[in-house]
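Please model the entire structure based on the sequences and the hints provided.
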Amino acid sequence: MKNILSAIIFIAATFAYAQETQDTTTKWTGSRPDGHAPISVMGDHTHGKGEIMFSYRYMYMNMEDLNRGSENTTFADALSNYMVTPTKMPMQMHMLGAMYAPSDKVTLMVMANYLTSEMDHITRMGGMFTTEASGLGDTKVAALYKFFNKDRQQLHAQIGVSLPTGSIDEQDATPASEPNQVLLPYPMQIGSGTFDGELAVTYLKQWNKFSFGTQARTTLRFGKNDNDYRLGNRYSLNNWAAFTATKWISFSGRVEIGAIDRIEGANSVLNPMMVITADTQNSGMTYANAGLGFNLYAFKGSLKNVRFGFEASLPIFQNMNGIQLRNKETLTFGLQYAFK
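Once you know that position 47 of the sequence shown is 49 in the working numbering, the rest is easy, because the numbers rise by one and skip nothing.
None of these hints come from the bench; they were simulated from the model. All values derive from a computational prediction rather than experimental measurement. Any given hint could be a false lead.
Per label pair, the in silico range of CB-to-CB distance [said to hold, decoys possible]:
| # | residue 1 | residue 2 | range |
| --- | --- | --- | --- |
| 1 | 167 | 330 | 26 to 34 Å |
| 2 | 54 | 245 | 25 to 33 Å |
| 3 | 129 | 300 | 50 to 58 Å |
| 4 | 122 | 28 | 52 to 60 Å |
| 5 | 83 | 54 | 48 to 56 Å |
| 6 | 300 | 131 | 42 to 50 Å |
| 7 | 209 | 79 | 46 to 54 Å |
| 8 | 316 | 122 | 16 to 24 Å |
Cβ coordinates follow ideal geometry from the N, Cα and C atoms, glycine included.
Here it is as structure tokens:
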């Protein structure tokens, strides 16, 4: 995956050099429904000097059943080595974002989010229980730099940091601990507990009715948090294409490939023999997913520059380290409003 990211950055730089040698005034534009990527893609566009945009996104992601490696497996398989296994984990996320462009080259971005997670479990003895966690997640701040916007093409890069505002000490009661609460395993924690670097490069191309985008992104974790572990680095390559049906609606398809490294270190409070989610060997994966969606764009009237996006995505491949919950459907809705 690291080699893929290096290749994408090299290709993007080549595009940048080529575009600077062309003499054209035709530009890529955000003033059409496919002027933004599918709503699940972050940092996909920039703004002109003085422009401001506010956004709200809602994401529902479901994990259910188990994978060992790339194959489905049974709860009985997990319970042969652990006392407890999760069976399902739905997660909801509310994201508020703001973007401001102090110049035509630079766009600043900040995003805060609120997460709610539930995890259903089954024990080796056949008992069932659910744990819950919710709260403010990590806050992301970033700057986007536009290399060029020519010949209906744009290339920009993002550099940012994720601030550890999310909790890593979430607790809930279990049948073995009631009425007391105990620390929840890694996937049920709200934040990373570390300052994380976020880097991305995005290339965009438009035609009269069609558009294309590709984005290479990585999240790099630094140090260890107060509980002596660090979440795995993340790498992804997103590619999408969109068709503009009218001035106010476009339809998109997206394919993403990516990798997540294993958790490094361990929280000594968690017993890795108790439940699969407390064992750091059961973390990290490679994956591919595909999504279909649409963007609605108000190009005139009282709602001018309001944009609504929707996307539904499903995994097409997932190869997990150890045994983990299997990713299922992800639904993303969003509203964006830009003005100057």
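Cross-check of the supplied hints:
no.	hint	result
1	167 - 330: 26 to 34 Å	holds, 28 Å
2	54 - 245: 25 to 33 Å	holds, 29 Å
3	129 - 300: 50 to 58 Å	holds, 52 Å
4	122 - 28: 52 to 60 Å	holds, 54 Å
5	83 - 54: 48 to 56 Å	holds, 53 Å
6	300 - 131: 42 to 50 Å	holds, 47 Å
7	209 - 79: 46 to 54 Å	holds, 50 Å
8	316 - 122: 16 to 24 Å	holds, 21 Å
In the structure shown, no violation is registered for any of the earlier numbered hints.
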